[in-house]
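If you want the building blocks of each chain, they are given just below.
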Amino acid sequence: GDSESFVGKNWNGLKDFWSDRLSFFENYTRFTKRDAPLPSWSSSDVEEFIASDPVHGPTLKTAREAVTFGVTGAALGAVSTAAFAWKYSRSPHGAALSFLGGGVFGWTFGQEVANHTLQLYKLDTMAAQVKFMEWWERKSQ
Amino acid sequence: STISGDIKTTQEEPKIKSFRPLSPHLSVYQPQMNSMLSIFNRISGVYLTGVTFAGYLLYLKMGMICLTYPSFYQVLYHTQQQLPVITSVTALAAIYHTIKSTHSLLTH
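Respectively, the protein sequence lines represent chains E and P.
In this text, residue positions in the first sequence follow the working numbering: the first is 8, and each later residue adds one.
In this text, residue positions in the second sequence follow the working numbering: the first is 731, and each later residue adds one.
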């Protein structure tokens with residue numbers, strides 16, 4: 008009796024702790040845990056949402072601007088790292104892995120630059136994205 | 731003429747040099763328990779590292795700004811469909827890696 012409630016209490020505490028930590032995951036699963044994916048949308052649909060929502064619209068616009076930083080960083084990182092590896096090693100698989108690694112590093116670096124220049128840390132970009140996804144879910148049905 | 735023919739073949743040898751088997755000649759040994767356990771420990775470690783970094787990049791980094799791009803959403807959607815397999819393999823790899831690593835630490 009006593010030991011059982013002790014285990015049960017700690018198990019529940021542990022479960023609460025981790026479900027709290029992993030609650031961000033629900034932002035994705037509500038749109039990905041479906042039988043069929045949401046129908047595809049275009050950038051003009053996103054523009055329409057941004058114009059219609061004065062609260063989350065500007066935040067979403069900034070988030071999408073940040074993606075440009077990431078893509079630019081990924082392209083620069085991938086090409087420069089692969090070129091460096093190729094110059095000194097002449098090994099195709101080394102250059103290919105450097106392309107991949109440089110791309111990932113370049114993306115994180117670009118996103119970090121966006122984080123500061125666009126002050127992303129002040130914004131709840133995930134909330135804005137979820138608002139758009141809900142909007143599109145309703146609109147596409 | 732036979733001697734010159736022999737010389738020619740020895741001179742042509744460098745061309746097929748790159749097809750010589752590479753060290754550590756895994757194919758000439760019988761698979762052994764010790765080496766196989768070690769190799770799978772490395773493979774599980776690489777897999778766990780990959781899952782950790784890919785998960786962080788996809789869900790905690792890129793996902794914060796990329797979700798409203800349909801191509802990124804498609805990647806997340808299809809990852810979600812494979813998630814039961816990915817998590818099962820991750821659990822197995824984590825258990826194996828923990829046991830094998832602890833065992834190695836205690837026995838070396």
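Errors might be hidden in some of the hints.
[Stated by the list, open to error] If the Cβ cut is set under 8 angstroms, some of the chain P residues that face chain E in the computed set are:
#, residue
1, L767
2, S768
3, F770
4, N771
5, R772
6, Y777
7, V781
8, G785
9, M794
10, C796
11, L797
12, Y799
13, Q804
14, L806
Think of the hints as simulated: they come from the structure by calculation, not from any bench.
All C-beta atoms in this analysis are idealised placements derived from N, C-alpha and C, irrespective of residue type, glycine included.
Interface hint compliance - L797 of chain P to chain E, C-beta minimum distance less than 8 angstroms: holds (4 angstroms)
Proposed interface contact between V781 of chain P and chain E, which counts if any beta carbon pair is under 8 angstroms: Result: violated, 14 angstroms to nearest chain E Cβ.
L767 of chain P as chain E interface residue, shortest Cβ-Cβ below 8 angstroms: Since chain E brings no Cβ nearer than about 27 angstroms to L767 of chain P, farther than 8 angstroms, the hint is violated.
Per-residue hint verdict: N771 of chain P, partner chain E, C-beta under 8 angstroms: Since the shortest Cβ distance to chain E is 22 angstroms, the answer is violated.
Interface restraint verdict for Q804 of chain P against chain E (beta-carbon cut-off 8 angstroms): It holds, given that the least Cβ distance between Q804 of chain P and chain E is near 7 angstroms, below 8 angstroms.
Supplied contact hint for R772 of chain P, tested at 8 angstroms Cβ to chain E: Violated. Min distance 17 angstroms.
Cut-off 8 angstroms, beta-carbon criterion: hint that C796 of chain P touches chain E: holds (6 angstroms)
Interface restraint verdict for M794 of chain P against chain E (beta-carbon cut-off 8 angstroms): Hint holds; M794 of chain P Cβ to chain E Cβ min 5 angstroms, cut 8 angstroms.
Hint status (Cβ of F770 of chain P to nearest Cβ of chain E, threshold 8 angstroms): Hint violated; F770 of chain P Cβ to chain E Cβ min 22 angstroms, cut 8 angstroms.
Interface restraint verdict for Y777 of chain P against chain E (beta-carbon cut-off 8 angstroms): Since the shortest Cβ distance to chain E is 16 angstroms, the answer is violated.
Interface hint compliance - Y799 of chain P to chain E, C-beta minimum distance less than 8 angstroms: The hint holds - Y799 of chain P has a Cβ within 8 angstroms of chain E, the shortest such distance being about 7 angstroms.
Status of the hint placing L806 of chain P at chain E (closest C-beta pair under 8 angstroms): holds (5 angstroms)
In summary, the structure is inconsistent with hints 1, 2, 3, 4, 5, 6, 7, 8 from the numbered list given earlier, while agreeing with the others.
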